[in-house]
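Undergrad: So the chains spell out like this:
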Amino acid sequence: MKSTEMKQRFDELDAARAFGDLSPEEQAEWTQLINKHGFSSDFDLDLLVAGLDATLAEDVVAPSADLVKKLEGQAAGFSPKAAVAEAIPFWRNPALGWAAAACFAVALVVMNPRAETDPSSAELRETLIAGADVLQLEFAGTPEFENLTGDVVWTDDGQSGFMRFTGLPANDPTKTQYQLWIVDPTRDERPVDGGVFNIPSDGGEVVVPIRAALRVDSPVAFVITVEQPGGVVVSKQEIVAAIAQRG
Amino acid sequence: MPRSEPNPVVDEILPRVARREPLAMNDCIAQFGGLVWSIIRRYVQPDSEAEDVVQEAFSELWQKADRFDRSRASAATFIGLIARRRSIDWLRRKSRRPELHPLPPDFDEVVSSETAPTNTRVDAENLQGALSKLPDESRELFKLHFSGGLTHAEIADKTGLPLGTIKTRLRRGLIEMRNILRPSQTQPAAS
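Protein sequences appear in the order of chains A and B.
The first sequence finishes on residue 251 if you use my numbering, and the numbering steps up by one all the way, no holes.
The second sequence finishes on residue 213 if you use my numbering, and the numbering steps up by one all the way, no holes.
Rather than coming from a laboratory, the hints here were simulated on the basis of the structure.
Note that this is a predicted model, so its numbers are computed, not measured.
Idealized CB from N, CA, C, for every residue including glycine.
Keep in mind that the hints are not guaranteed to be accurate.
Stated by the list, open to error - Here are a few chain B residues that sit away from chain A, every Cβ distance over 12 Å (derived from the structure): (1) E34; (2) P37; (3) D158; (4) E159; (5) K180; (6) G182.
Stated by the list, open to error - DSBU-like cross-link-like pairs, simulated, lysine-lysine; straight-line CA separation at most 30 Å: (7) B:K86 - B:K116; (8) A:K11 - B:K165; (9) B:K86 - A:K240; (10) A:K6 - B:K155; (11) A:K240 - B:K116; (12) A:K11 - B:K155.
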C-alpha cells in the first residue's frame, strides 16, 4: 500500500474512532497503523463530532428539576480550590452543635473565603464524630508512605467526612496533589472522586475535608493517590499513598 | 482559516468556572444542562444511570474548565466533548457497545489546547458552513445521525442503504469537514 493510500485508510479508521464505531478488526488495523507506521489520532475529529453533537441536536430537552437540584447540590460541594489541609490549632475545642456545624460547612464550601470565626476542619470533624452512624477507618500507608498514620470519618446521611493525617509528606501543588477516591461497589465499579488536597510543609497533624463528587452510600474503602495538579477524573493509581478499608 | 466570533456571554461561563466564581457552576448547569443531558441520554439508559453520567460530566467540567480555549472551540463543543466522552466511557464500562473504541490514551492531554494540532475553531457557524459544502447525500446522513439521533443501523433501515455505505459516507464526510476547516493542511481526498 502506498503511503498516501495508507494515510487515507488511517484517516477513515480514525474518523470511525471519533464516531465510536470501529469494529474489532478495524481497531486492530488502526492500532497497527499507529504502532508500525507512526500515525497518530487526530483530536480535530473528536472536536468535530462533539461540535456536531452539540450543534445539530434537535432533541435537546431540559433535565428534570430533580436532576438540576442534584447537580446544583453537587456543585455546592465542589471545592473552590484544592482543599488545603489545616494544622489543628491545639487550643480550639469543638463547641458548636451539629446543625450549626453543618450550616458552617455549607457556607465554607459556597462562600470560599474563610472568616476568622469559621470552625476549623478539626472542629467540624469532632462535631461529625459526635453524631450517629459515623464510619471511622484507619489509614495504612503503602511502603513508600510507611510513616503515615491517620484515619477517615464519614457519614452516609450527611455525605460528609474528614481525613486526618500525620506523616503524609508535604507536596508541591505545582507538581503533584493528593487525591482521595471513595470505593462504593454498590454504586459503581469505579471509585468516586473525593477531592484533591495539599499537605503543607509545616508538619504535624492535618485534617482534610472530603469533597465527594457524587453521592456515596456504602463506602468500603478510601484510597489516597498522588496525581497531577488539579487531580484526574479516572486515576491510574500509579502512586497509591494510603488505604483505609473496612475489615 | 474559517473563524466565527465566540459568544462572549456563553463562552465566558467556563472561564468563570475555572476562576471558581460563586454560582458559575449554577450558570453552567442552567446554560448547558439540557445539552449535556440530551447528549448523554442518547448513549446511556436507563435515565437513572444517565443522571449519574451527567453528574460525572459536570464534575469533569469543574476539573477541566481551565482547559477551555475559546479560540479552539465554542463552549458548547467543549462541553459536548466531555458529555460524549463520559458517555463512551460508560458504554465501555458496561460493555454494551463493545465495538466502541476506547478514547485515545492521551485524551486527557489532547483536550488541552496547548497540544491541539490546529487552531481551527469548532463552533456552530463553522460546522454549518462546512456541512453545507458536503454532498447532499452525505449531509442528509449527518442530519439523520446527529439531528435525528439515529444510529448507523437505524439510518440503514430508514434509507435502505447498506450499513457499510453509511459508515463510509459519514467517515469520509467527517474527514472532508476537517479538511474544509483546515484547508492549509494537505489531507487525502475524502470521497
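Undergrad: Examine each Cβ of chain A, and state whether all of them lie more than 12 Å from the Cβ of P37 (chain B).
TA: At roughly 15 Å from the nearest Cβ of chain A, P37 (chain B) sits farther out than 12 Å, so the non-interface label holds.
Undergrad: Against chain A, does E159 (chain B) keep a CB gap of more than 12 Å to every residue?
TA: holds (17 Å)
Undergrad: Check the hint pairing K6 (chain A) with K155 (chain B) against an upper bound of 30 Å on the C-alpha distance.
TA: holds (29 Å)
Undergrad: Holds or violated: K86 (chain B) with K116 (chain B), Cα cutoff 30 Å?
TA: holds (24 Å)
Undergrad: At 12 Å, judged by beta carbons, does E34 (chain B) keep clear of chain A as stated?
TA: holds (17 Å)
Undergrad: Below or equal to 30 Å on CA atoms is what counts here, so check K11 (chain A) against K155 (chain B).
TA: holds (23 Å)
Undergrad: Is the nearest Cβ of chain A still more than 12 Å from the Cβ of G182 (chain B)?
TA: holds (19 Å)
Undergrad: Straight-line Cα separation of K11 (chain A) and K165 (chain B) no greater than 30 Å?
TA: holds (27 Å)
Undergrad: Taking the closest pair, is the beta carbon of D158 (chain B) still more than 12 Å from chain A?
TA: holds (16 Å)
Undergrad: Evaluate the condition: distance from the CB of K180 (chain B) to the nearest CB of chain A exceeds 12 Å.
TA: About 16 Å separates K180 (chain B) from the closest Cβ of chain A, which puts it past 12 Å; holds.
Undergrad: Could you grab the alpha-carbon distance between K240 (chain A) and K116 (chain B) and see if it respects the 30 Å cut-off?
TA: holds (19 Å)
Undergrad: Regarding the pair K86 (chain B) and K240 (chain A), is the alpha-carbon distance no greater than 30 Å?
TA: holds (17 Å)
Comparing the model with each earlier hint shows no violations; every hint is respected.
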